Amino acid sequence: MKIKYLYLVLALAGIVLPLSQYVPATLNGTFSVSALFQQLFATRLVAGFAFDLAISALAGLVFIAAEGVRKRVPYYWTAILGTVLIGFSFGLPLFLFLREGTATTKNAVRS
17 MKIKYLYLVL ALAGIVLPLS QYVPATLNGT FSVSALFQQL FATRLVAGFA FDLAISALAG
77 LVFIAAEGVR KRVPYYWTAI LGTVLIGFSF GLPLFLFLRE GTATTKNAVR S
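Numbering (my numbering), first residue to last: 17 to 127.
Hints were generated in silico from the structure; no laboratory data involved. These numbers come from a predicted model, not from an experiment. Heads up, a few of these hints could be off.
Unchecked claim - Pairwise CB distance ranges (calculated): (1) Ala63 <-> Val32: 23 to 31 Å; (2) Gly117 <-> Ala51: 36 to 44 Å; (3) Gly45 <-> Val85: 20 to 28 Å; (4) Ala29 <-> Gly117: 17 to 25 Å; (5) Ala51 <-> Arg86: 34 to 42 Å; (6) Val78 <-> Tyr21: 23 to 31 Å; (7) Gln55 <-> Lys20: 33 to 41 Å; (8) Val78 <-> Leu33: 23 to 31 Å; (9) Thr46 <-> Lys18: 34 to 42 Å; (10) Ala66 <-> Leu28: 18 to 26 Å; (11) Lys18 <-> Gly45: 37 to 45 Å; (12) Ser48 <-> Gly117: 16 to 24 Å; (13) Tyr38 <-> Leu74: 19 to 27 Å; (14) Leu33 <-> Leu74: 33 to 41 Å.
We treat Cβ as the ideally placed atom computed from N, Cα and C, and that holds for glycine.
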């Protein structure tokens with residue numbers, strides 16, 4: 017399997033798995049932003065994980081924006097939007113998939 021398609025599979029998992037938790041919680045009325053933050057910082061262990069993920073996602077957003085512009089990755093902004101709306105587990109693999117498509121196209125032109 018080409019790595020490009022592995023990134024696509026990871027992006028799909030990165031949207032399906034989080035939404036499999038968010039959608040039922042929203043439908044049964046247990047999802048709220050205040051409850052999310054209350055539970056996210058309920059213990060030091062979970063708060064540490066939340067901070068780790070937040071910093072990683074922020075660094076990832078900077079990387080996606082800078083690399084997207086520098087390498088002229090088409091639709092790189094969709095990875096930024098996906099990170100903000102769904103999560104970093106979706107946005108990063110989506111960007112890597114888009115970037116691999118750009119690299120493949122440029123390599124084909126050079127050959």
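Taking the hints in turn, this is what the structure says about them:
About 26 Å separates the C-beta atoms of Ala63 and Val32, a value consistent with the hinted range of 23 to 31 Å. With their beta carbons about 39 Å apart, Gly117 and Ala51 fall inside the hinted range of 36 to 44 Å. Separation of Gly45 from Val85 is about 41 Å and departs from the stated range, judged on CB atoms against 20 to 28 Å. Remark: the range hint 17 to 25 Å for Ala29 to Gly117 is upheld by a beta-carbon distance near 19 Å.
Hint check: Ala51 to Arg86, Cβ distance near 40 Å, so the stated range 34 to 42 Å holds. Distance hint for Val78 and Tyr21: a CB-CB separation of about 26 Å, consistent with the stated range 23 to 31 Å. Checked against the hint of 33 to 41 Å, the pair Gln55 and Lys20 passes, with Cβ atoms roughly 36 Å apart. Hint check: Val78 to Leu33, Cβ distance near 24 Å, so the stated range 23 to 31 Å holds.
As the Cβ distance of Thr46 to Lys18 is approximately 40 Å, the hint placing it in 34 to 42 Å holds. Between Ala66 and Leu28 the beta carbons are some 24 Å apart, a value that agrees with the proposed interval 18 to 26 Å. For the pair Lys18 and Gly45, the supplied restraint of 37 to 45 Å holds, since their beta-carbon distance comes to about 43 Å. In this structure the hint that Ser48 and Gly117 lie 16 to 24 Å apart at CB is violated, the actual value being about 38 Å.
Our hint of 19 to 27 Å for Tyr38 and Leu74 holds, since their Cβ atoms are close to 21 Å apart. At about 21 Å, the beta-carbon gap between Leu33 and Leu74 misses the expected band of 33 to 41 Å.
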